[in-house]
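Undergrad: Given only the sequences and the hints, what does the whole structure look like? Please build it.
Each chain, letter by letter, is given below.
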Amino acid sequence: MTAAFSSPSQSARRMRHSRRSIAPWLYIAPAALTFLVWIYWPLFDALWLSFHQWNMLPRAPVKFVGWSNYANIFALPKFWQALRNTGIYVIGLLPLAVIVPLAVAIYTNDLSGRFRNVYRAIIFVPMIIAPVVAASVWRWVLDPDYGVLNGLLKSAGIAPIQFLTDPDIAIWAIVFITGWKLIGFSTLILSAANANINPALVEAARMDGASRWEIIRDIRLPLLSSTILFLVMITTLLGAQWSFSYIVVLTQGGPLGSTTNIFHILWDFGFSSMSVGWSSAAAIILFLGFGVLAFSLMRLADRYSFHDN
Amino acid sequence: MAHLNLSGLKKSYDGKQVVHGIDMEILEGEFIVIVGPSGCGKSTLLRMIAGLEDISGGELLIDGQCMNDVEPSQRGCAMVFQNYALYPHMTVRQNIGYPLKVARIPKADIQRRVEAVAATLALTDYLDRRPAQLSGGQRQRVAMGRAIVREPGVFLFDEPLSNLDAKLRVDMRIEIRRLHRRLKATSIFVTHDQVEAMTLADRLIVMNGGRIAQIGTPAEVYARPASTFVASFMGAPAMNLFEAATLNERCVKLKNCEDWVTEAGFRLPPAGHGVTVGIRPEDVAISLNGKGLAARIELIEELGGSRVAYCSRGALACAAMLPRDIDFSEDQTVFLNFPASAIHLFDQEGARFQEDKSNNDGNSAQADKSFYTGVKDALAVMTGTE
Ligand SMILES: Nc1ncnc2c1ncn2[C@@H]1O[C@H](COP(=O)(O)OP(=O)(O)OP(=O)(O)O)[C@@H](O)[C@H]1O
Ligand SMILES: [Mg+2]
Chain A
0 MTAAFSSPSQ SARRMRHSRR SIAPWLYIAP AALTFLVWIY WPLFDALWLS FHQWNMLPRA
60 PVKFVGWSNY ANIFALPKFW QALRNTGIYV IGLLPLAVIV PLAVAIYTND LSGRFRNVYR
120 AIIFVPMIIA PVVAASVWRW VLDPDYGVLN GLLKSAGIAP IQFLTDPDIA IWAIVFITGW
180 KLIGFSTLIL SAANANINPA LVEAARMDGA SRWEIIRDIR LPLLSSTILF LVMITTLLGA
240 QWSFSYIVVL TQGGPLGSTT NIFHILWDFG FSSMSVGWSS AAAIILFLGF GVLAFSLMRL
300 ADRYSFHDN
Chain B
0 MAHLNLSGLK KSYDGKQVVH GIDMEILEGE FIVIVGPSGC GKSTLLRMIA GLEDISGGEL
60 LIDGQCMNDV EPSQRGCAMV FQNYALYPHM TVRQNIGYPL KVARIPKADI QRRVEAVAAT
120 LALTDYLDRR PAQLSGGQRQ RVAMGRAIVR EPGVFLFDEP LSNLDAKLRV DMRIEIRRLH
180 RRLKATSIFV THDQVEAMTL ADRLIVMNGG RIAQIGTPAE VYARPASTFV ASFMGAPAMN
240 LFEAATLNER CVKLKNCEDW VTEAGFRLPP AGHGVTVGIR PEDVAISLNG KGLAARIELI
300 EELGGSRVAY CSRGALACAA MLPRDIDFSE DQTVFLNFPA SAIHLFDQEG ARFQEDKSNN
360 DGNSAQADKS FYTGVKDALA VMTGTE
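From first to last, the protein sequence lines stand for chains A and B. Under numbering that gives the first Met the number 0, think of the first position of the first sequence as 0, with each following residue one higher. Under numbering that gives the first Met the number 0, think of the first position of the second sequence as 0, with each following residue one higher.
The reader is advised that the hints may include incorrect statements.
Restricting the straight-line Cα-Cα distance to at most 20 Å, the calculated cross-link-like pairs of lysine to aspartate or glutamate (DMTMM-like) are [stated by the list, open to error]:
#, chain 1, residue 1, chain 2, residue 2
1, B, Lys183, B, Glu29
2, B, Lys166, B, Asp192
3, B, Lys9, B, Glu24
4, B, Lys100, B, Glu150
5, B, Lys9, B, Glu58
6, B, Lys100, A, Glu213
7, B, Lys252, B, Asp346
8, B, Lys106, A, Asp44
9, B, Lys100, A, Glu202
Keep in mind the hints are simulated off the structure, nothing from the lab. Values in this document were obtained by computation on a predicted structure and should not be read as measured data.
TA: And the structure:
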C-alpha cells in the first residue's frame with residue numbers, strides 16, 4: 000500500500016528534481032558552447048598540432064613529431080629576438096599606457112567644463128581611429144623624404160632620421176605609435192577611477208594638512224592602485240598584440256627582424272611559412288608564459304584592491 | 000581653543016545665493032549646534048568655515064585673523080564628516096596618525112599621541128584594523144580620533160551621528176559631550192536632529208533658507224521661539240499653531256473656532272490683524288470634566304514614556320500630551336485648556352510678538368488661570384463691564 004502510494008509521488012519528485020538540475024546547465028549552455036567552440040577547441044587543437052608537422056594543405060599528411068617543434072623553436076635565434084622585442088614592447092609601452100595617462104587623469108581632474116572637453120577631445124581622438132588608418136598616417140608622417148616630422152627636423156638643421164628603417168629606432172617608433180593609440184583608453188579608465196574616489200577623502204586630507212602632492216601620494220595613488228595594476232596587467236599581456244597591426248603595416252617585422260615580436264612571429268610561422276606545427280608550438284609557449292604572468296599579476300591586484308566605503 | 004567671528008558670510012553657486020549673510024560670534028570653548036531643515040545651508044556654512052568652500056562674501060575671523068583665503072589646514076580646524084571619510088587603505092593607527100604624519104612630527108611622538116587618543120576613544124584593540132573591518136560606531140570614533148589628535152582650536156562636525164542606529168547615536172552623543180567637557184575646544188556641530196541639537200548645544204543656531212532664524216541657548220529657543228518656523232521645527236511633537244485674529248489690543252480669536260476668545264499677555268496690534276497662536280502639546284491641559292474647548296481624540300500615539308493625543312474640532316487640529324493617570328481612548332470627547340503662560344503669539348510674517356512685560360507682571364496672578372474664557376467673559380473684558 001505504502002509503496003503503491005509513495006512510488007508515483009517519488010518518481011514525480013525525481014522528475015521535477017532532474018528537470019531542475021538540468022535547467023542551470025541549459026542557462027549556461029550558450030556561453031559554454033561559445034567558449035568550447037572558440038576557445039577550448041582551438042586551444043586543444045593547437046596543443047595537438049604543436050606535436051605534429053603539417054603544411055595546412057588538406058591532403059597533406061599530418062606527421063607526429065613529438066617535442067621537436069618546441070626544440071626547433073627554442074633553437075631559433077629569431078624566436079629569442081622576438082621574445083626580447085616583446086619585452087621591449089611591454090616595457091616601452093608601460094610609461095605611455097600607464098604613467099602618462101595617470102598624470103593626465105590626475106592633473107585634469109580639477110579642470111573646469113570647457114577645458115576638460117577640449118582635453119578629452121585631444122586625448123581620445125587617437126583611440127577612435129582604426130589601427131590600419133593610423134598606421135598609414137604615421138607612415139606619411141615618418142617618411143624619411145616627404146614626411147612632416149623629417150621636414151621639421153630638416154628645417155631645424157637636423158639630419159633626417161630613418162624612423163622605420165633604422166633597426167635601432169624602428170621598434171621605438173612602433174612602441175610610440177602603439178602607446179599614442181593607447182593613451183586615450185588608459186586616460187579614460189584612470190579618469191573614471193579617479194573621479195570615483197570619494198571627494199570627502201580628499202577634503203579630509205586637506206583638513207589634515209596634506210599638500211597637493213601628499214594627497215596624490217597618500218590618497219589618490221593608493222586608491223587608484225587596483226586600476227593601475229589592471230592597466231599594467233593588460234598592457235603586459237596585450238601590449239605586444241596591440242602593436243601587431245603597426246608592425247604588419249609599417250615594417251613587417253624588419254628591418255632585420257628588429258621590430259618583430261612574439262605575435263608577429265607566430266603569424267609569420269603560420270601564414271607565411273605554412274608551418275602550422277611551429278606556430279602552434281609558439282602559441283602554446285606564449286599561452287603558458289602569459290598565463291603565469293597573468294596569474295601573478297592578478298594575485299598582486301587582489302592584494303592591492305581597497306574598497307572605498 | 001579659538002573664537003570665531005562671522006560677519007555677513009555669504010555663499011552663492013553660479014550666481015544663486017544659498018547662504019544670505021550670516022552674522023555671529025562664537026566664544027572660546029563654546030559648543031554651537033547648527034540645526035535646520037535639509038538644504039538650508041548648514042553644511043555650506045560649516046564648509047566655508049573649514050575652508051572647503053570659497054567664501055562669496057563677508058568675512059570669517061578666527062582668533063581675530065581673517066581666514067577668508069587661508070588654506071583649510073592652516074585654519075586650525077578639524078572636521079568630522081558625515082560618512083567619516085576614513086582612508087580605506089590605511090589602518091586605524093595610520094588614519095589617526097595621518098594629520099601628524101603630514102605635519103612631519105617624529106614617529107615616536109605620533110605613536111604616543113595616537114595611542115593616547117585611541118585609549119580615550121576605546122579604540123586600542125582596533126588600531127591595526129582597516130576601516131572596512133570596523134562597525135559604524137567604531138568608524139565614527141576613529142573619525143573623532145583623527146580630529147582630536149591634532150588638538151585643533153575648532154572642531155567642526157557635519158552630521159557625524161546620522162549614520163548610526165538610535166542607541167549608538169545616544170551613546171556617541173554623550174561621548175561627544177564628555178569629550179568636549181574635557182578638551183574644551185570650540186565646537187560647531189551640524190545636525191538636523193533636534194534632540195541632538197537640544198542636548199549638545201551651549202548655544203543653538205536655527206537656520207532656515209540660508210538665514211539664521213534664531214540664536215540662543217536650547218532652553219531659550221524652546222521657551223521663546225523667535226518665529227513660527229522655529230516654533231514648529233524645534234520640539235516633537237511640533238507646537239500647535241492656530242490661525243487667529245486680534246479682537247482688540249488684548250484679545251485674539253481663533254479661526255475655525257468661533258466661540259472662543261483668548262486673552263494674551265502681549266502688546267497686540269489693533270483689532271482685525273491676523274496672528275498665529277502657538278502652544279506646545281505638553282502645555283495643553285486636557286481633561287474630561289467639561290471645561291474648555293471641546294474636541295474629539297482622533298488618534299493616540301504611544302511613545303513609551305508619554306502619549307500624544309491628536310484632537311480635532313472641525314477644521315482645528317491640536318496635539319496634546321496625555322497625563323499618565325487618566326485613561327483616554329480614541330473617539331472620546333475631551334476638553335482642552337491652554338494656560339495663558341504657555342501661549343506663544345506670532346504676527347502674520349511669523350515673527351514672535353514681544354511679551355508686554357508690564358502687562359504680564361500685572362497679570363501674573365492670572366497666569367495659571369485657563370487661557371480660554373468664554374465669549375461672555377471675553378466680551379465683558381472688552382467692554383469693561385462685569
Ligand atoms: N555644489 C553646489 N552647487 C550648487 N548648489 C549647491 C551646491 N552645494 C549645495 N548647494 C545648494 O545649497 C543649498 C544648501 O546646501 P547644504 O548642503 O548646505 O544643505 P544642508 O543644510 O547641509 O542640508 P542637509 O541637511 O540635507 O545636509 C542647497 O539648496 C543646495 O542645493
Ligand atoms: Mg548637509
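Undergrad: Check whether the Cα positions of B/Lys9 and B/Glu58 lie no farther apart than 20 Å.
TA: holds (9 Å)
Undergrad: Keeping to a limit of 20 Å between CA atoms, is the pair of B/Lys106 and A/Asp44 held or broken?
TA: Between B/Lys106 and A/Asp44 the Cα gap is close to 61 Å, so the pair fails against 20 Å, i.e. violated.
Undergrad: For the pair we were handed, B/Lys100 and B/Glu150, check the Cα-Cα distance against 20 Å.
TA: Answer holds: B/Lys100 to B/Glu150 is near 14 Å, not above 20 Å.
Undergrad: Below or equal to 20 Å on CA atoms is what counts here, so check B/Lys252 against B/Asp346.
TA: At roughly 14 Å apart (the allowed maximum being 20 Å), B/Asp346 and B/Lys252 satisfy the hint.
Undergrad: Just to be careful, I want the Cα atoms of B/Lys9 and B/Glu24 compared with a cutoff of 20 Å; is the pair within it?
TA: holds (15 Å)
Undergrad: Between the alpha carbons of B/Lys100 and A/Glu213, is the straight-line distance 20 Å or under?
TA: The given pair, whose Cα atoms are some 10 Å apart, holds under the 20 Å limit.
Undergrad: Are the Cα positions of B/Lys166 and B/Asp192 separated by 20 Å at most?
TA: holds (14 Å)
Undergrad: Does B/Lys100 pair with A/Glu202 here, judged by a C-alpha cut-off of 20 Å?
TA: Since the Cα atoms of B/Lys100 and A/Glu202 sit roughly 17 Å apart, the hinted pair holds (cutoff 20 Å).
Undergrad: Please work out if B/Lys183 and B/Glu29 have their alpha carbons no farther apart than 20 Å.
TA: Judged against 20 Å, a Cα distance of about 8 Å means the pair holds.
The structure fails hint 8 only (numbered hints given earlier).
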